[in-house]
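Asks: Once you have looked at the hints, place chain R on chain L.
Those sequence lines, one after another, are chains L and R.
For the first sequence, the UniProt record's numbering assigns the number 1 to the initial residue and increments by one for each residue that follows.
For the second sequence, the UniProt record's numbering assigns the number 1 to the initial residue and increments by one for each residue that follows.
I should point out that these hints are in silico values taken from the structure, not numbers from a laboratory.
All residues carry an ideal CB built from backbone N, CA and C; glycine is no exception.
A hint or two may mislead.
Stated by the list, open to error - Covered by chain R, according to a simulated footprint, are these stretches of chain L (three or more residues, beta-carbon under 8 Å): (1) 107-119; (2) 231-244; (3) 250-263.
Unchecked claim - The list that follows gives simulated cross-link-like pairs (lysine to any residue, SDA-like), each with its CA atoms no further than 25 Å apart: (4) L:188 <-> R:42; (5) L:348 <-> L:499; (6) L:188 <-> R:38; (7) L:188 <-> R:28; (8) L:524 <-> L:191; (9) L:22 <-> L:126; (10) R:178 <-> L:189; (11) L:348 <-> L:423; (12) L:428 <-> L:344; (13) L:188 <-> R:57; (14) R:178 <-> L:187; (15) L:188 <-> R:40; (16) L:188 <-> R:183; (17) L:524 <-> R:29; (18) L:188 <-> R:187; (19) L:188 <-> R:32; (20) L:524 <-> R:28; (21) L:188 <-> R:180; (22) R:178 <-> L:117; (23) L:188 <-> R:35; (24) L:498 <-> L:426; (25) R:178 <-> L:115; (26) L:188 <-> R:33; (27) R:178 <-> L:116; (28) L:188 <-> R:29; (29) L:188 <-> R:39; (30) R:178 <-> R:29; (31) L:188 <-> R:43; (32) L:188 <-> R:184; (33) L:447 <-> L:469; (34) L:22 <-> L:43; (35) L:188 <-> R:188; (36) R:178 <-> L:114; (37) L:188 <-> R:177.
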Amino acid sequence: MTQAQLQESANPAQSEEHGVRKWRDYFSFNTDHKVIGIQYLVTTFIFYCIGGVLADLVRTELRTPETDFVSPEVYNSLFTLHATIMIFLWIVPAGAGFANYLIPLMIGAKDMAFPRLNAVAFWMIPPAGLLLISSLLVGDAPDAGWTSYPPLSLVTGQVGEAIWIMSVLLLGTSSILGAINFLVTIWKMRIPGMTVYQMPLFCWAMIATSAITLLSTPVLAGALVLLGFDLLAGTTFFNPTGGGDPIVYQHMFWFYSHPAVYIMILPFFGLISEILPVHARKPVFGYQAIAYSSLAISFLGLIVWAHHMFTSGIPGWLRMFFMITTMIIAVPTGIKVFSWVATVWGGKLRLNSAMLFAMGFVGTFVIGGISGVMLAAVPFDIHVHDTYFVVAHLHYVLFGGSVLGIFAGYYHWFPKITGRMLNEFWGKVHFALTIVGLNLTFLPMHKLGMMGMNRRIAVYDPKFETINFICTMGSYLLAVSTFPFIINAIWSWMYGSKAGNNPWQALTLEWMTTSPPAIENFDKLPVLATGPYDYGMSNADDEEVEVPLSDEREPALAAGPNSALRADPDPKFAANPEDRK
Amino acid sequence: MQSQTIDPAKTALNYHHTEAEAHHEEHPDHRITGLIMFLVAEGMIFFGMFGAYLAFRSVLPSWPPEGTPELELLLPGVNTIILISSSFVIHNADTAIKKNDVPRMRTWLAITAAMGAIFLAGQLYEYSNLEFGLTTNLFASAFYVLTGFHGLHVFIGLVAILAVLWRSRVSGHYSNEKHFGVEAAEIYWHFVDVVWIVLFGLLYIL
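For reference, chain R alone in the conformation it holds in the complex:
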């Protein structure tokens, strides 16, 4: 019987400890706010690089520098349309999960992922057909670094979408009340899209 005596002090302490552990997860979810702030910071990286691009453009006597081959507009134009429309597609996924419709959400996400992949493939195809390399001149360097840095973001967004798709196999992982992953992937995707619009305007049109 002696061994079964419970020391009240110890249980109280243990109880308190488990309670303490549990509390860490208890506060309301601020992850979306945090993500938006992170994207502000990300946006500032692009802002800095765009600023640098405009500065180079204004400093050099001719832009793009003499002898830079003309950029072809058809492929990047199609790519742009694909990327921008994918923003609307992924929004449907968000609407679906808010109605607790996981299969439909998965469909829309899969379509978005496919569109993102097509965009990246198109980008690579464009790279392989360009007549200038990274170090040809200032415009070429800026072109590759800016589009490459953006492409990296598209890739990260694509991975995020695929991760959400993977996790949503388990029924109940996402629901109309709990869908941070879907929302985060969507916000990130919109961000990548908006950056591309500015980038496209700067590099191809301006």
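Extracted from the complex, chain L is given alone in its bound form:
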């Protein structure tokens, strides 16, 4: 009996499928975490497409050195909206979408701790997004960049800026409410007998993510409230003409927005830690190392923000402090990368689309991570600050990291969410186009930055033209790469082959129920017959091993590493004190 069969026989999924929902449920205020998860994932993907169109408009303008496509003012609005949408309406809420769908299933709960609050958090996103996009219609789109630094943001157009502030405040509130829900759910609603060390690593990643969301997002809200007063009521908090200090805004802004990059990457670190062991058929390497490095990243992430401000005139000792803390973050991140490589090393790899995206994630993320360490060094940063080197770096981590991670997650959990398999061939086409397009777009930008091309400016020196042309072609390829995925997803959702409950022979609990999962997730309280990543471990000595079923009244008496029935209980979690020695 394999570990997957052992886990499945301990948790027999009910035969009848009653997980099918009416289509109307997905457009309504529904409190089921699975509905909300799908709402998040689909909505954010739509915003990804909108943000992508904006990106291609930006790249089209940059194809030639002159402003021949849009005016510089429109160009400013385009990159502002592109960044705001991609960050606040795509990557951050996409992570929340996976968390909503997966956390209760992974820990064996029926729903989130606060289902109604959960729905409220989701339903803040569509209005905020529409509000932001509506600024294009009123003809005064925000155009001070996604950072909205004053005093620039105070003079570029009041309506657009006010809309931007409103929208980001709404999205921030939504993500705080989400974070409260994730923390309480993971902390309080695990099935009895699941210790923190038996949680899937995604849950650890979401604890780390939610903690930073909870601590840093409110500070951005504070900054935006003050900025709003400056903009609308005539105060001068950040306006030097009235005695205010714009640097204070930068500190408050980056106190959120640097941790925000970890809010944007940690959930996908978690997804990758799930996907790699399943498709490598090997136990994850360094479970506790991966778990604790997430927490280390979230703590360190809170004390590195001023490395975005090395050129803002902050004192030398502050520069020194933030340079060192920033470089230290490479340590827990490196621990994760080495753990992933060691997980895959020597495994029986299944090179399907999910695995390809996951491995692509590790590869491109490392490039972005290394250029991040370069940028942390003050002398180098002063040289390339506000150039395309920074643009290249951030797209390698956010596109090469987060977005590839999201796609890996789509391919991996699509069978669970819809009950049907995605087409593998078109998945691989999608992967190939994405990885080529991404490197074609963003790799040359490193060179541009080193040569001194400024970001956020519509015109540039003609000597940069050739490289910019390559970047623009790459961005078109990225646009094209999305279509195989969209068509594949829609077609497979309707006509794909049936997936069955556990198509990947995975061990985590979300695979121990029907696909799509029943409305209440599990018929009976699930039990853990194996750890979350015990792939390929031997328990073949006794083929006739009898697995106690989940209808045992006392979970400690059912199967599981902490079960009293096990001959050799794990000393760490054993129920009997005798066995704990």
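Replies: Showing chain R alone in chain L's frame:
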């Protein structure tokens, strides 16, 4: 007779459905934990604003800027004493409901609400007598925004207390076993109080 035949499959399905609906309310109550986390987030907004205030203070050559009229301490001092003592008063309400004594809880809550209202009225009176406005200078702006933002929280707390009072008219709505509303209002009120202590220290004393 034909019409009375019950399709067992359908009843089973219906049964399951109602069961599913009921389950959503079944898990243990985690609302207090959630509230505390929410207050951590709220606290961080104030933390950010206090940080900004201290930064302005350290950057400007003189603080408050030249020509800012002195703040009067008597009224805000009395206000502070009222708000801080109201925290002890509301704790009595919590103690009362834990002994299942609803009338006493209502009395203590009513006193707390009155004290909160006096605080807000005092705040407004102070505003109307100040010699500077929102945009006079950086200190004035910070003063109004910080105290105003805190005042908004006092107001929300006051509304929460009044809501609890309103709901407690129905006997049995709150009991020694079921009193989330009372507890939540109390925790929120303590939070508002602690924030005020820091705020008072920063704006009036420092």
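Asks: Now tell me, hint by hint, if it's right for this structure.
Replies: A quick look at each hint next to the structure:
1. Coverage of the segment 107-119 of chain L by chain R holds. Counting CB-CB distances below 8 Å, 7 residues qualify, and the rule asks for three or more.
2. Coverage of a stretch by a chain is defined here by at least three residues with a beta carbon nearer than 8 Å to that chain's beta carbons; for the segment 231-244 of chain L and chain R the count is 8, and the condition holds.
3. As drawn, the segment 250-263 of chain L meets chain R at 3 residues by the rule of a beta-carbon pair under 8 Å; at three or more, the given contact holds.
4. Between the alpha carbons of residue 188 of chain L and residue 42 of chain R the distance comes to roughly 22 Å, so the proposed pair stays at or under 25 Å and holds.
5. Only pairs whose Cα atoms come within 25 Å are accepted, and residue 348 of chain L paired with residue 499 of chain L is accepted, the gap being roughly 21 Å.
6. Distance restraint check for residue 188 of chain L and residue 38 of chain R: the Cα-Cα separation of roughly 16 Å lies within the 25 Å cut-off, and the hinted pair is therefore satisfied.
7. With a C-alpha separation of about 9 Å, the suggested pairing of residue 188 of chain L with residue 28 of chain R holds against the 25 Å cut-off.
8. A distance of roughly 11 Å separates the Cα atoms of residue 524 of chain L and residue 191 of chain L; the hinted pair therefore holds under the 25 Å criterion.
9. A distance of roughly 21 Å separates the Cα atoms of residue 22 of chain L and residue 126 of chain L; the hinted pair therefore holds under the 25 Å criterion.
10. Restraint check for residue 178 of chain R and residue 189 of chain L: satisfied, since their Cα atoms lie roughly 21 Å apart, inside the 25 Å limit.
11. Note on residue 348 of chain L and residue 423 of chain L: the hinted pairing holds, with a Cα-Cα distance of about 22 Å set against a maximum of 25 Å.
12. Among the hinted pairs, residue 428 of chain L with residue 344 of chain L is consistent with the structure: their alpha-carbon atoms are about 19 Å apart, no more than 25 Å.
13. With a C-alpha separation of about 43 Å, the suggested pair residue 188 of chain L and residue 57 of chain R falls outside the 25 Å cut-off, and the hint is violated.
14. Taken as a hint, the residue 178 of chain R and residue 187 of chain L pair is honoured in the structure, with Cα atoms around 23 Å apart against an allowance of 25 Å.
15. The straight-line distance between the Cα atoms of residue 188 of chain L and residue 40 of chain R is roughly 18 Å, inside the 25 Å bound, and the hint therefore holds.
16. Only pairs whose Cα atoms come within 25 Å are accepted, and residue 188 of chain L paired with residue 183 of chain R is accepted, the gap being roughly 20 Å.
17. Between residue 524 of chain L and residue 29 of chain R the alpha-carbon distance is near 21 Å, which keeps this suggested pair within the 25 Å criterion.
18. This hinted pair checks out: residue 188 of chain L and residue 187 of chain R have alpha carbons roughly 20 Å apart, not beyond 25 Å.
19. With a C-alpha separation of about 12 Å, the suggested pairing of residue 188 of chain L with residue 32 of chain R holds against the 25 Å cut-off.
20. At roughly 17 Å between alpha-carbon atoms, residue 524 of chain L and residue 28 of chain R fall within 25 Å of each other, so this suggested pair holds.
21. Restraint check for residue 188 of chain L and residue 180 of chain R: the C-alpha separation of about 18 Å stays at or below 25 Å, so the hint holds.
22. Annotation: proposed proximity of residue 178 of chain R to residue 117 of chain L holds, straight-line Cα distance about 21 Å (limit 25 Å).
23. Restraint check for residue 188 of chain L and residue 35 of chain R: satisfied, since their Cα atoms lie roughly 14 Å apart, inside the 25 Å limit.
24. At roughly 17 Å between alpha-carbon atoms, residue 498 of chain L and residue 426 of chain L fall within 25 Å of each other, so this suggested pair holds.
25. Proximity of residue 178 of chain R to residue 115 of chain L is assessed by CA-CA distance (about 20 Å); at most 25 Å being required, the pair is judged to hold.
26. For the hint pairing residue 188 of chain L with residue 33 of chain R, the CA-to-CA distance comes to about 9 Å; that is within 25 Å, so the pair holds.
27. Taking the CA atoms of residue 178 of chain R and residue 116 of chain L, the gap is near 20 Å; set against the 25 Å cutoff, the hint holds.
28. This hinted pair checks out: residue 188 of chain L and residue 29 of chain R have alpha carbons roughly 10 Å apart, not beyond 25 Å.
29. Proposed proximity of residue 188 of chain L and residue 39 of chain R is supported: the alpha carbons are some 18 Å apart, at most 25 Å.
30. For the hint pairing residue 178 of chain R with residue 29 of chain R, the CA-to-CA distance comes to about 10 Å; that is within 25 Å, so the pair holds.
31. As the CA atoms of residue 188 of chain L and residue 43 of chain R are separated by approximately 23 Å, the hinted pair is consistent with the 25 Å bound.
32. This hinted pair checks out: residue 188 of chain L and residue 184 of chain R have alpha carbons roughly 19 Å apart, not beyond 25 Å.
33. Straight-line distance between C-alpha atoms of residue 447 of chain L and residue 469 of chain L comes to about 13 Å, which keeps the hinted pair within the 25 Å bound.
34. About 18 Å separates the Cα atoms of residue 22 of chain L and residue 43 of chain L, which keeps this hinted pair within 25 Å; it holds.
35. Using a Cα cut-off of 25 Å, the hinted pair residue 188 of chain L and residue 188 of chain R holds, with the two alpha carbons roughly 22 Å apart.
36. Of the supplied pair hints, the one linking residue 178 of chain R and residue 114 of chain L holds, its CA atoms being roughly 18 Å apart against a limit of 25 Å.
37. Restraint check for residue 188 of chain L and residue 177 of chain R: the C-alpha separation of about 20 Å stays at or below 25 Å, so the hint holds.
Consistency note: the structure conflicts with earlier hint 13 alone.
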